[in-house]
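Enquirer: Quick mapping for you: the protein sequence lines, in order, are chains D and B.
According to the numbering used here, the first sequence holds residues 272 to 442 in order.
According to the numbering used here, the second sequence holds residues 856 to 1652 in order.
Check the hints yourself; a few may be wrong.
Claimed, not checked - Some but not every residue of chain B turned toward chain D, in silico, with C-beta under 8 Å:
hint	residue
1	F896
2	D901
3	H904
4	E983
5	L1069
6	P1071
7	V1148
8	N1150
9	G1378
10	H1401
11	G1480
12	H1554
13	N1579
14	T1593
Since the hints were derived computationally from the structure, they do not count as laboratory data.
Every residue gets a Cβ at the ideal spot worked out from N, C-alpha and C, and that includes glycine.
Here is what each chain is made of, one letter per residue.
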Amino acid sequence: MRVTFTVNGRRHEADDVWEGESLLYVLRERMGLPGSKNACEQGECGSCTVRLDGESVCSCLVAAGQAEGREVVTVEGLAAYAKERAGSAHTGGLAPVQQAFLDAGAVQCGFCTPGLLVAADELIERNPQPSDADIREALSGNLCRCTGYEKIMDAVRLAAARTGDGAPEVV
Amino acid sequence: MASATGPTGTSTRPNQGAGTRAGVGDSPLRPDGTLKVTGEFAYSSDMWHEDMLWGCTLRSPHAHAGIVSIDVSEALKQAGVHAVLTYDDLPAEMKNYGLEIQDTPVLAHGRVRHHGEPVALVAADHPETARRAAAKIRVEYEELPVVHDEASALGEGAPLLHPGRDDDHAPHVPHPNIVHRQPIVRGDVEAAAGRAEVIVTGEYEVGMQDQAFLGPESGLAVPAEDGGVDLYIATQWLHSDLRQIAPVLGLPEEKVRMTLSGVGGAFGGREDLSMQIHACLLALRTGKPVKIVYNRFESFFGHVHRHPATLWYEHGATRDGKLTHIRCRIVLDGGAYASASPAVVGNASSHAAGPYVVDDVEIEALALYTNNPPCGAMRGFGAVQACFAYEAQMDKLAAELDMDPVDFRQRNAMSRGSLMPTGQPVDSPAPVAELLRRVKAMPLPMEAQWESADGGADVRALPGGLSNTTHGEGVVRGVGYAVGIKNVCFSEGFDDYSTARVRLQVAGGEPVALVHTAMAEVGQGGITVQAQIARTELGVTQVTIHPADTQVGSAGSTSASRQTYMTGGAVKHVCELVREKVLQRGRELFGTHHPAWATAGLLLEGGKVVTDGGEVLASLADVLGEEAVEAEDEWRHRTTVPFDLETGQGFGHVQYSFAAHRAVVEVDTELGLVKVVELACAQDVGKAMNPQAVVGQIHGGTTQGLGLAVMEEIVVDPAAKVRNPSFTDYLIPTIADTPTIPVDVLELADEHAPYGLRGAGEAPTLSSTPAVMAAVRAATGRALPRVPVRPEHIVQV
């Protein structure tokens, strides 16, 4: 079958898609967007988290056909997405969560990072001043094996603080 | 970073590079960080090639069976299938591989020895096509009796896993189903036990833990025109892979060119080969690039796990709290193939007494061959299992003596000069008592921390969390302590080295260092540290890290907490060679211009040659001109020797690393649910090369130890089949399960090591588990001799 949907603001099309293919597979293997990760492919680790019409979803659990005609945001489009949300004319650079993950040392092997960034960005969009318990609850579907989560907590606190301070959303 | 107090080490702050920004001791951003946060970093599962095929592995559904026949005809008929391979298709004389003992078949031949063993391979144009074709391969099995524990492995008439063994350990093991056995005997245990006023014994059990790295086993093999193959792969040690891959392919090593792809974590689970040979075989057979990516289910079968263990201990002490003796026996289940079992036995035995002074010991450790899943390297490597048991014993003894458990440990803590059970002196700082003091001195988290401002309960902070199982009723707090000791680098006489190639040249008017090693960056930040070292040693700002590949000599394994020590040491050493060459060139070109070229100590700082008094003699750009200065060398740590096979005596380890934890837990004593509220750690790292990264290692190791304590176990049934190969059923700590982890870093230099550093990655994984368990015991009063602890152990229904 053919699927057509928008990814990071651009219309993408894939042909000869087998009905059983997930959104994750089509993004990674057919659309040249391997940023969303394939750590478990059973909806337990969150490394494939993307936004589907604004909602955070595990793209491994979404059939590609279900995305037909819808809007997908992946880690590759996160900076532009955050920029647009902030109404910034500034181009380039990273989203605040991306910069905060770097600054806080929240990236080690990095395999969980794309999913965590999408989830953390969604949290801050929804709840600009999350408590620690809010952060833990919002990110409890994203497994990380390297960091022990301490620096991920630091990064999300930092991103929220920078966003809330009226600092430019895109740094 | 905390400054050194208590025992002191020598300062090794280098004069060279002392003023360098983003050098040794700083925490510059990771060079791969931006790519990792934008999704552009290419992991091994992201590899893609025009016209590539997908490989799939057919695995055994049985733990032990004869293979009567294999019929691949139906699979071959399926449209889209390019090749189906079995044992009969292997191209070379060599059909096995293995880290130390080549006992692991590339594809099963006549017999499968564990659940999930690879039997056949398929290459097809779509991963689902490959999976469906694999399902059409007809394999007729004849099930065999299963060896699954010590009794069934060593009993009369037990089936032998590997009859006709001729490996190095075969002559000294008491039974062919024992991979390796290491006794350690020192002093006179009989006499010492006679002096003991208190004796405690215990039997402990450690479940099978999985590394659960997130990036699945994966890679891309591309056949080359010269008949060789280019392999893009995630591994911990490129050259070890190469040594095992080339003979099975029937190719000389230079025709198997390996490049490290992005590695999504490792933790020991990538020391052994997984899909490397399989992808190469399919690529060479089909003439097309072949990608293999395991899903999580297959990943649980695709790599070795941490050895489950049963440990018997006897500890004795005098009334005044001095250890008299230790007797122990540690049985590790190595599963069907040897993997790293011999080295794990060496580690379990030599660390069996923990970081304590005890002159009279009788230790025995062994690893079994069984039909359980193969076990090998995982962070902590033998020392984890021992630490869980000896720390439980130390608490038991303290209780018998009516002593504070920290005080009791401090009375027996080793220090510089103390002897290991192997007779090896610990000849660098060993601040065991100090680390315990530091974790104990940290402020405790507030009581009833789940209470919200309005007097209600935030269930997220309670055992059971959002399951909303308690609002504080039945919840009891416990506090526990533990400390551990772990060796660093490869031991027992292994020729452990790392190779570095460093080139210094001018690009765009500025000196740039290019560092090339084969070190596997698996997430730990080794490449960040390499760049820091090059900046410090060469006084430059710009450093480029060449991708790791087999076009340079071996860097050894990214394991045993060794890469900062070893490849860091190699980069430092080779930078020094480059520096000498640069200075020599400077003397030749400009020596006549200024007498200081001949008389002063010269340094490279800020892109210039300066005297140790700070006078600038020349810019590097002028000294180098159009020329590049390059050096390459191997670098070794001090030599070790094998442990004596009967007494276990010998200078077997390079360096020791120490960490201590304090755990604060809250237990719902009615439901048996545990909430770890805080897990504080103090660790001596010798020198914090990159403070942010080393604390990240401590956090990560601590959390894996927490997982082993309260949730992580691969459940293997009596038929030796894996019951929970998924992240639905094999639980690793989430951010909601993980507490705050305050870290106190001590830096007592080890004068034998580059910059005084101490390998840091593993020690925090050791003491975390027993600290949590001590806290759970304190809260519940239960003995809890097994990890992971389950609710039914706590409530004992």
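Enquirer: It remains to establish, for every hint, whether it holds in the given structure.
Expert: Results for each hint:
1. With its C-beta approaching chain D no nearer than about 6 Å, B/F896 sits inside the 8 Å limit, and its interface hint holds.
2. With its C-beta approaching chain D no nearer than about 4 Å, B/D901 sits inside the 8 Å limit, and its interface hint holds.
3. With a cut of 8 Å, the hint placing B/H904 at the interface with chain D is violated, because the nearest CB-to-CB distance is about 12 Å.
4. Interface hint status for B/E983: upheld, as the beta-carbon distance to the closest one in chain D is roughly 6 Å, under 8 Å.
5. With 8 Å as the threshold, the beta carbon of B/L1069 comes within range of chain D, its nearest partner Cβ sitting at about 4 Å, so the hint holds.
6. Proximity of B/P1071 to chain D holds as hinted, the smallest CB-CB distance being about 7 Å (cut-off 8 Å).
7. Because the beta carbon of B/V1148 sits about 7 Å from the nearest beta carbon in chain D, less than 8 Å, this interface hint is met.
8. Given hint, B/N1150 at the interface with chain D, holds; its Cβ is 5 Å from that chain's nearest Cβ, closer than 8 Å.
9. About 3 Å separates the beta-carbon of B/G1378 from the nearest beta-carbon of chain D, less than 8 Å, and the hint is met.
10. Taking 8 Å as the C-beta cut-off, the interface hint given for B/H1401 is violated, the closest approach to chain D being about 20 Å.
11. Annotation: B/G1480 was flagged as interfacial toward chain D, and the flag is violated, the nearest CB pair being 36 Å apart, outside 8 Å.
12. At its closest, the beta carbon of B/H1554 sits 3 Å from a beta carbon of chain D; the interface hint therefore holds under the 8 Å criterion.
13. Contact between B/N1579 and chain D, as hinted, is not supported at the beta carbon level, the nearest pair being about 12 Å apart and thus beyond 8 Å.
14. A cut of 8 Å between beta carbons decides the hint on B/T1593: the least distance to chain D is about 5 Å, and the hint holds.
The structure does not agree with the numbered hints 3, 10, 11 and 13 stated previously, though it agrees with the rest.
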